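Can you build the whole structure from these sequences, using the hints too?
Chain by chain, the residues run as shown.
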Amino acid sequence: EAGVAQSPRYKIIEKRQSVAFWCNPISGHATLYWYQQILGQGPKLLIQFQNNGVVDDSQLPKDRFSAERLKGVDSTLKIQPAKLEDSAVYLCASSALGGTTPYEQYFGPGTRLTVT
Amino acid sequence: AQSVTQLDSQVPVFEEAPVELRCNYSSSVSVYLFWYVQYPNQGLQLLLKYLSGSTLVKGINGFEAEFNKSQTSFHLRKPSVHISDTAEYFCAVRGSGYSTLTFGKGTMLLVSP
Chain A
2 EAGVAQSPRY
12 KIIEKRQSVA
22 FWCNPISGHA
32 TLYWYQQILG
42 QGPKLLIQFQ
52 NNGVVDDSQL
62 PKDRFSAERL
72 KGVDSTLKIQ
82 PAKLEDSAVY
92 LCASSALGGT
102 TPYEQYFGPG
112 TRLTVT
Chain B
10 AQSVTQLDSQ
20 VPVFEEAPVE
30 LRCNYSSSVS
40 VYLFWYVQYP
50 NQGLQLLLKY
60 LSGSTLVKGI
70 NGFEAEFNKS
80 QTSFHLRKPS
90 VHISDTAEYF
100 CAVRGSGYST
110 LTFGKGTMLL
120 VSP
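Chains as they are written, first to last, in my numbering: chain A, 2 to 117; chain B, 10 to 122.
Hints were generated in silico from the structure; no laboratory data involved. Every value quoted in this text rests on a predicted model; they were computed, and no experiment measured them. Where is the CB? At the ideal position from N, CA and C, for every residue including glycine. Each statement offered as a hint is correct.
Derived Cβ-Cβ restraints for the label pairs, each shown as a range: (1) B:Ile92 <-> A:Arg17: 40 to 46 Å; (2) A:Ser8 <-> B:Pro49: 15 to 21 Å; (3) B:Ile92 <-> A:Asn53: 40 to 46 Å.
Spelled out as C-alpha cells, the structure:
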C-alpha cells in the first residue's frame with residue numbers, strides 16, 4: 002500500500018511570496034489533514050477535510066492560508082503572502098472512516114518551508 | 010478539549026540503558042492515546058496506541074507504554090535503547106468518537122555510545 006505522498010520536500014522563498022504544497026493521501030482514505038510543525042513544537046492541525054468538505058479549519062490563518070480538496074482525493078495548501086513565522090514543516094496525513102483502523106492517521110514525509 | 014504535556018524536552022541516555030519518556034494528558038471525554046516517532050527529515054510514524062483493554066500496550070521497535078487513568082499518564086518505556094532510537098517522540102491524544110489528534114511538544118531522545 003502506497004503511503005501519503007507530499008511535494009515538494011523542501012522549499013525556500015522570500016517573505017511576501019506565495020507557495021503551494023501538494024498532498025496525495027492513501028487510496029480510499031476519506032479524511033485528510035494538514036498540520037504545521039514549527040521547530041521545537043508538536044504538529045498543530047491547520048485544516049481537516051472529509052471527502053471534499055471542510056470539517057475543521059479553526060486554526061487556519063485564513064487571511065493568508067487556503068486549502069482545497071476539490072475531488073475528495075489530493076489536496077493543495079497555499080500560503081499567500083508568506084511571513085517569516087510561516088517557516089515550518091507542513092505535514093499531511095490521512096485516515097479511513099472504517100476498516101480495521103478507523104481514524105488512525107498516516108503521515109507523509111512533510112514539506113520543510115523556509116521563509117527568508 | 011484535550012491537551013498533552015511532555016515534561017522533558019530532551020532525554021540523553023547511553024546505549025543499552027533503559028529509558029522512560031513521560032506524557033500526561035487532560036481531557037473532558039474518554040480518550041485514545043498514541044506515541045509517534047519522528048526521525049530527522051521524515052514524517053511521523055506510529056509507535057503504539059491505546060484504544061481500550063489492557064493498559065500495557067506494546068509497540069514497534071521494543072517500545073511499550075502504560076495507560077494510567079488515575080494519573081492521566083501514558084509514559085513510554087524501552088528496557089534497552091539503541092543508537093538508532095535517537096529521534097523525536099510525540100505523545101498525542103484523541104477524544105473517543107473524534108478523529109482530531111492533539112500533540113505534545115515532543116521529547117528528543119539522544120542515545121550516545
